[in-house]
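Here the protein sequences come in this chain order: C and D.
Using this note's numbering, you'd call the opening residue of the first sequence number 1 and step up by one each time.
Using this note's numbering, you'd call the opening residue of the second sequence number 1 and step up by one each time.
Hints were generated in silico from the structure; no laboratory data involved.
Even for Gly, the Cβ is constructed at its ideal location relative to N, Cα and C.
There could be a bad hint or two in this list.
[To be verified] Mimicking DSS-like on lysine-lysine, the simulated pairs with C-alpha atoms at most 27 Å apart in a straight line are:
{"id": "1", "chain 1": "C", "residue 1": "Lys68", "chain 2": "D", "residue 2": "Lys113"}
{"id": "2", "chain 1": "C", "residue 1": "Lys64", "chain 2": "D", "residue 2": "Lys22"}
{"id": "3", "chain 1": "C", "residue 1": "Lys71", "chain 2": "D", "residue 2": "Lys92"}
{"id": "4", "chain 1": "C", "residue 1": "Lys68", "chain 2": "D", "residue 2": "Lys89"}
{"id": "5", "chain 1": "D", "residue 1": "Lys183", "chain 2": "C", "residue 2": "Lys71"}
{"id": "6", "chain 1": "D", "residue 1": "Lys113", "chain 2": "C", "residue 2": "Lys64"}
{"id": "7", "chain 1": "D", "residue 1": "Lys120", "chain 2": "C", "residue 2": "Lys64"}
{"id": "8", "chain 1": "D", "residue 1": "Lys89", "chain 2": "C", "residue 2": "Lys64"}
{"id": "9", "chain 1": "D", "residue 1": "Lys92", "chain 2": "C", "residue 2": "Lys64"}
{"id": "10", "chain 1": "D", "residue 1": "Lys113", "chain 2": "D", "residue 2": "Lys22"}
{"id": "11", "chain 1": "D", "residue 1": "Lys173", "chain 2": "C", "residue 2": "Lys68"}
{"id": "12", "chain 1": "D", "residue 1": "Lys173", "chain 2": "C", "residue 2": "Lys64"}
[Claimed, not checked] Just the calculated beta-carbon pair ranges, DEER-fashion:
{"id": "13", "chain 1": "C", "residue 1": "Phe65", "chain 2": "D", "residue 2": "Leu94", "range": "19 to 29 Å"}
{"id": "14", "chain 1": "D", "residue 1": "Gly24", "chain 2": "C", "residue 2": "His9", "range": "20 to 30 Å"}
{"id": "15", "chain 1": "D", "residue 1": "Ile166", "chain 2": "C", "residue 2": "Leu93", "range": "42 to 52 Å"}
{"id": "16", "chain 1": "D", "residue 1": "Leu97", "chain 2": "C", "residue 2": "Leu37", "range": "17 to 27 Å"}
{"id": "17", "chain 1": "C", "residue 1": "Gly13", "chain 2": "D", "residue 2": "Lys173", "range": "23 to 33 Å"}
{"id": "18", "chain 1": "C", "residue 1": "Asn58", "chain 2": "D", "residue 2": "Ser134", "range": "44 to 54 Å"}
{"id": "19", "chain 1": "C", "residue 1": "Leu47", "chain 2": "D", "residue 2": "Glu131", "range": "48 to 58 Å"}
{"id": "20", "chain 1": "D", "residue 1": "Gly20", "chain 2": "C", "residue 2": "Thr14", "range": "25 to 35 Å"}
{"id": "21", "chain 1": "C", "residue 1": "Val16", "chain 2": "D", "residue 2": "Lys92", "range": "19 to 29 Å"}
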Amino acid sequence: MHEEKHNHHIGYGTYVLVWIALLAFTSITVTIAGVSLGRYTLFVALLIAAIKSALVINIFMHIKFDEKIFKVFLLLSGFTLLVIFILTFFDFLYR
Amino acid sequence: MSNHAESALEQSHVHRDDVGAKMGMWLFLFTELLLFGGLFLVYAVYRYQYPEQFHLAGMELNTGIGTLNTIILLTSSLTVALSIAAIQKKNKFLAVLMLSLTLTFALMFMVNKYFEWSAKFSHGIYPGSDELLSLPNGQILFFGLYYVMTGLHGLHVLIGIVILAIMLVLIIKDKITFDNYVKLENSGLYWHLVDLIWIFLFPLFYLIQ
């Protein structure tokens with residue numbers, strides 16, 4: 001039973017490709033930081049960080065190929081964090 | 001029957017729940033996410049409150065060393081993933097090599113961190129220093145968060161080094177094998193989390209221009 005679920009093994013090549021993509025996104029984010037985008041600077045930096053995280057979580061951490069329940073955990077924890085952020089900022093901005 | 005085959009046979013009869021082990025790890029990572037999430041929340045609120053001072057203080061940080069450490073951590077994430085792939089393919093040599101590289105990168109990260117913090121200390125910028133306390137509130141908060149967040153992350157790197165070193169020994173001793181590698185997988189998950197947190201720390205602290 002366990003063996004079947006473990007069977008999706010990712011090859012070396014895929015990992016190396018993801019690594020190259022991660023390095024590419026890093027150089028993009030460093031380059032963009034030098035350019036003034038005004039209020040979008042932070043947004044772009046966080047967007048790139050989110051894309052890099054998605055790559056790490058899906059491929060390096062196998063969440064794409066693992067049990068569905070792990071994905072549920074992750075979405076739940078991400079959602080919890082989002083709610084905490086939104087509630088805190090509501091309190092902070094309208095107090 | 002050779003000794004190796006015998007021990008493999010024995011192991012196949014031992015009750016083991018790899019999915020359960022991984023689920024436990026993911027639950028732990030969930031708590032880690034909320035731990036760092038709380039710190040990111042404090043950062044977000046104060047950055048919103050003191051945008052100019054965060055900007056000024058952020059300029060003090062060394063972008064070069066931050067970028068170098070980003071590359072080092074991303075590469076160490078690759079090598080730990082390759083180490084797991086190698087053990088799945090019964091390539092013990094490659095698994096040991098990749099895990100040793102991961103440890104080397106982790107140590108390099110800490111050495112860079114040491115030089116980075118030493119430089120800050122020699123400029124009189126450390127928690128509670130007269131130099132730091134003479135700065136405006138926003139900058140004190142920025143450096144306070146910088147030391148707490150990168151410090152807590154650095155502590156995670158140190159713990160990761162210990163865990164990965166134990167995994168290396170277990171692989172060498174054939175305690176982690178192609179059909180029993182959940183310990184290595186879980187250590188890998190922990191290491192990737194350390195990498196993930198850095199992915200966000202890096203732009204938020206080092207890339208404020």
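Right, here's what the structure says about each hint:
| no. | hint | verdict |
| --- | --- | --- |
| 1 | C:Lys68 - D:Lys113 | violated (37 Å) |
| 2 | C:Lys64 - D:Lys22 | holds (14 Å) |
| 3 | C:Lys71 - D:Lys92 | violated (30 Å) |
| 4 | C:Lys68 - D:Lys89 | holds (25 Å) |
| 5 | D:Lys183 - C:Lys71 | holds (20 Å) |
| 6 | D:Lys113 - C:Lys64 | violated (33 Å) |
| 7 | D:Lys120 - C:Lys64 | violated (41 Å) |
| 8 | D:Lys89 - C:Lys64 | holds (20 Å) |
| 9 | D:Lys92 - C:Lys64 | holds (26 Å) |
| 10 | D:Lys113 - D:Lys22 | violated (31 Å) |
| 11 | D:Lys173 - C:Lys68 | violated (33 Å) |
| 12 | D:Lys173 - C:Lys64 | violated (31 Å) |
| 13 | C:Phe65 - D:Leu94: 19 to 29 Å | holds (21 Å) |
| 14 | D:Gly24 - C:His9: 20 to 30 Å | holds (22 Å) |
| 15 | D:Ile166 - C:Leu93: 42 to 52 Å | holds (47 Å) |
| 16 | D:Leu97 - C:Leu37: 17 to 27 Å | violated (42 Å) |
| 17 | C:Gly13 - D:Lys173: 23 to 33 Å | holds (30 Å) |
| 18 | C:Asn58 - D:Ser134: 44 to 54 Å | holds (47 Å) |
| 19 | C:Leu47 - D:Glu131: 48 to 58 Å | violated (35 Å) |
| 20 | D:Gly20 - C:Thr14: 25 to 35 Å | holds (27 Å) |
| 21 | C:Val16 - D:Lys92: 19 to 29 Å | holds (20 Å) |
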